[in-house]
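Visitor: Each chain, letter by letter, is given below.
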Amino acid sequence: MSFSKKRENSSNTSEKKYWKSWNIKWNFFSILSVLVALLENVFISSKENVNNGSYRIFLGCYLIYLVFIYLGGHYFSLKVRLFGGHFAQLNFILGILLCVQDLLTEKFSIFSLPYFVSFAQVLDQINEDKSLLLQSTGASLLLWSLSFAFGTLIGIVLGILIGRYRQFNYWSLPFLKVIGIIPAAAWMPLTMVIFPTSYLAEISLIVLSVWFPVAFMTKGGVENISPTYFEAAHTLGFNEIRIIRKVVIPGALPNIFVGIFTATGLSFTMLVISEMVGARVGLGWYINWAKGTGNYTQVYAAITIMAILFSCIFIVINKLQGTALRWRPTVN
Amino acid sequence: METHSELGGMNLAFLDVKNITRELLNNNNKKLKIIDNINFSVEKGEFLSIIGPSGCGKTTLLRLISGLDRPEEGQVTVAGERIVKPDVSRGYVFQNGGLYPWETIEKNISLGLEAVQGRNFDRNLVKHFIEIMGLQNFENAYPSQVSGGMAQRTALARSLILQPQLLLLDEPMGALDAFTRADVQNIVFKLWRDTKTTMILVTHDIDEAIYLSQKILVMTPHPGRVKEVVKNDLPFPRKRDSTNFLKQRRKLQEILSFE
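For the record, the sequence lines run as chains A and B.
With the first letter of the first sequence counted as 1, position 24 gets the number 23 in numbering that gives the first Met the number 0; the numbers rise by one all the way through.
With the first letter of the second sequence counted as 1, position 40 gets the number 39 in numbering that gives the first Met the number 0; the numbers rise by one all the way through.
Calculated directly from the structure, the hints in this document are not laboratory data.
A few chain B residues that face chain A, going by a derived Cβ cut-off under 7 Å, partial list only:
#1 Gly-111
#2 Ala-114
#3 Val-115
Computed footprint of chain B on chain A, listed as stretches where at least three residues anywhere in the stretch have a Cβ under 8 Å from a Cβ of chain B:
#4 228-240
#5 249-263
The beta-carbon is built from N, C-alpha and C at its ideal position, and this holds for glycine as well.
All chains, please: the whole structure from these sequences, using the hints.
Guide: Below, the structure is given as structure tokens:
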């Protein structure tokens, strides 16, 4: 095992990203640890009454995946080799963690129900509630997408106006600064009564959490664009619209993405909070409902789904950034 | 607005710089003259170089000609018209190129043309400029992905494609290595010879000025003033190791060394 720093002189980007080198030993250990987790679950008897079917299918799939990585990396593909080699140690630890949590909860009940739940039980709960969870996830995703897109749009437009036009900056910035600094959650009681439907109230809360970071990062981005780019635009005959389209927006885009990433985290918080309070559907509502019935396994199930959903959203935004900023010498 | 007719009575050269002074406020809020009472003129199709030590106001002078800055006193006229703001008829090549890093090489060249001609701009002209600048196969590359020489050739193409009546070059070869610099100098010479565009080059490289220009304006610093306008009429194409070239260089060095 080597604790070397990130390699710097490697030209291949995936080589840079996957810097832990392929070591067959670690791939073998990773398979072994997941296999142990599976055998442990099958052969050690449980103190808790759990349906382990979903968990065993999960471990089985994980195992098959690891074997494919092992074989693929060993015999066929260089890319799999880079990828599989890099994550082998992590997979090994993950196998051990799965095994340990299973022993601590379900098998020996050291951390016991109802507040501590084995991963097997969470998976079983997801399987059991799958149609309700799917519906909730869909509802949350729709609400988030609408609100986030709207909030981002407002943020970018305001940011450009403030960053580009002195008069607009003078008249609006003091007010926007004061409004923007208020945590979106503080508006909750008011939005609930001001807006005719609770859905609009939820949207407005998420928008409130999103527009501020986006607007202020956009403003900074516009202000930091090199004056040369504007001077060049004037000698090239650009009118104001073209300057906005071809200089201001692309020039501020790196900063806009910084704002979007900040806003994304905030928007997830607001999404869950607002669904807990006002909604009849959604993952936030599901958690609140589970809390009411005292079923903490459902809370864990919703948290697991959120982890996956929000990670996927981050990945999508990351990809968008990579495409939009492909002109930069180094992205990521 | 002073128009052509108003100035028509005066016998103006193509580019006429008259008594211009540019002042800035320094840290103590005192007025500081960057350039002081500069006069000169350039004929149509001429190539003028402006040389002088750094801080002598060469770039300031070029910016005043382009209209990017306005003088506190005096005026600049091009073809009889007083310059008050930048315009497509006066191309400006910036020291570092000033290319848009978020646009491809091809887009950087065509953006100005699109702004002037609209959506149906002359794509063949873009292709033509990509060819004469030797940028084939790099149309879709971004400025960060091409060499410094290519970036400067792109910047030249971007300005020249608008067929300006005056091209202002602000040390475009300053940041290039010796080989690339000679290469870009040759391109500038050929473009000047072929398009007959009036060009003004700011440089601190004496050889570059002698190689390219017909007139060399020597400036002195603090504040920037014209020391002398030297005629430079060696036959083209010029050889950097010819006796006359070396003689001219010695002469300019002498002028620059007398303060």
